[in-house]
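Chemist: The lines below spell out each chain.
Number of protein chains: 2
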Amino acid sequence: MTQTREDFETRLRQIGAERYHDLHPFHDLLHGGNCTPDQVRAWVINRYYYQHSIPMKDAAFMSRVTDPALRRAWRSRIEDHDGTDDNEGGIKRWLRLARAVGLDPDYVASCEGVLPATKFAVDAYVRYVREKTLLEAVSASLTELFAPKIHANRIQGLLKNYAFADDSSLSYFKNRLKEAPKDVAFGLAWVLDHADTREKQDAAAAALTFKTDVLWSQLDALHSAYVTPARIPPGAWVPGDGLALQKAS
Amino acid sequence: MTQTREDFETRLRQIGAERYHDLHPFHDLLHGGNCTPDQVRAWVINRYYYQHSIPMKDAAFMSRVTDPALRRAWRSRIEDHDGTDDNEGGIKRWLRLARAVGLDPDYVASCEGVLPATKFAVDAYVRYVREKTLLEAVSASLTELFAPKIHANRIQGLLKNYAFADDSSLSYFKNRLKEAPKDVAFGLAWVLDHADTREKQDAAAAALTFKTDVLWSQLDALHSAYVTPARIPPGAWVPGDGLALQKAS
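Each protein sequence line maps, in turn, to chains A and B.
Heads up, the first sequence is in full-length UniProt numbering, so the first residue is 1 and it goes up one at a time.
Heads up, the second sequence is in full-length UniProt numbering, so the first residue is 1 and it goes up one at a time.
Chain A extracted, bound-state conformation (with noise of 0.2 Å):
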């Protein structure tokens, strides 16, 4: 039976309750000040391919959007990480972040490194949105919905244990903060107007929980790869690479 607007908006905020990346201990180590130098920069070298590719995966969106008021409403995501005139865009700041962790920012954006895992889980989203409806392609973006709790303790937990965190190395979470819930709110209004039968609304719930398979498997690649027992896969970035050369000097 179709569930009532309420009820399915509660399931779909239950999926992140149980499965949103927050609940990994990767993130624990790192707001808590447990990691290392070097697990703090494997996270930001991985975590920049999933940055790199969320512009693409809206574009994939846009490209199947026969409505151009959807496509104008959607198109802020791709103008927030990719910059516009006025903005330097989500991007740039997260290379912001690799230069203060003592990155060198070029290392970073060639994505040489990344963890396998990483990519096959980003590429696995960007396909998703290729490939399924637009319903399951907007419900899939609605982990945006506990992102802005997690950003808030990043920015508090970064802030009070690394030397490297400042308002301009923590600007995009600051942002994020802003940009997320606008974002969310119109997504979220969209799946609870378009999921309007029960088959679709088990469709769009299926959609957030693969999305939070994405997030959470990211995160354990990063820790079976750079938490102790490490097991760093053939290929993937070694700490002392790819480094700043003020590190050097």
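To be clear, the hints were calculated from the coordinates, so they are not data collected in a lab.
Careful: at least some of the hints might be erroneous.
Below are the DMTMM-like pairs computed for lysine to aspartate or glutamate, each with C-alpha atoms no more than 20 Å apart in a straight line [as the list claims (entries may be wrong)]:
#1 B:Lys160 / B:Asp28
#2 A:Lys132 / B:Glu131
#3 B:Lys132 / A:Asp123
#4 B:Lys149 / B:Glu18
#5 B:Lys132 / A:Glu131
#6 B:Lys182 / B:Glu79
#7 A:Lys132 / B:Asp123
We have chain A already, so just place chain B on it with the hints.
Modeler: Just chain B, lined up with the frame of chain A:
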């Protein structure tokens, strides 16, 4: 500069020597008899997802081949996995292994409980073959160059160390010992013939490297989820689930 046929083949074999998943510690545990029954089950459940995807990968390849002779040569791979009137096929043989380790074959065949990271890696392989050049697709299959050794070690190690191991439960691997060399002899000759520029040789080597990442990532995910300290991702198989009915009686 274009490599000689011999140098190029050496280069491909070197990729296996450095990156093939026989180097992963999970295989030491498995072949040395140090996996718990539940760790063996987790391996059987997740590796099934790979097995069951391979014929789809091969069909994706054939769907892009215009040469009937190449399609005809390739078709036996699908027959080897899906079966013929005279041959039950590798997928059924794998489910025999599932039954032998105490799992419900229907549960394993459902692919419920497969680690998301396994799905992301395997799906990446199927899509790779669907999207890249034929040369890259054939090159990616050349990990079978390195498979006979691991299958021989596995048969020996499992027979020696586990009560479930016998001719019936291990028939998958015994058959692969016959099938893989035939496939790979064809594939290797095809790649050596068609990679006739340095650019194509580099692409072929990158494709084989990609495939080693696909295999390695699956074992990393398995190790991370089920080997101490185990960290099972949300929704993945939990020991005790999916056991064969015979176990409850």
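Chemist: Would you list, in rising numerical order, the hints stated earlier that this structure does not obey?
Modeler: Hints that this structure does not satisfy do not exist here, as all of them hold.
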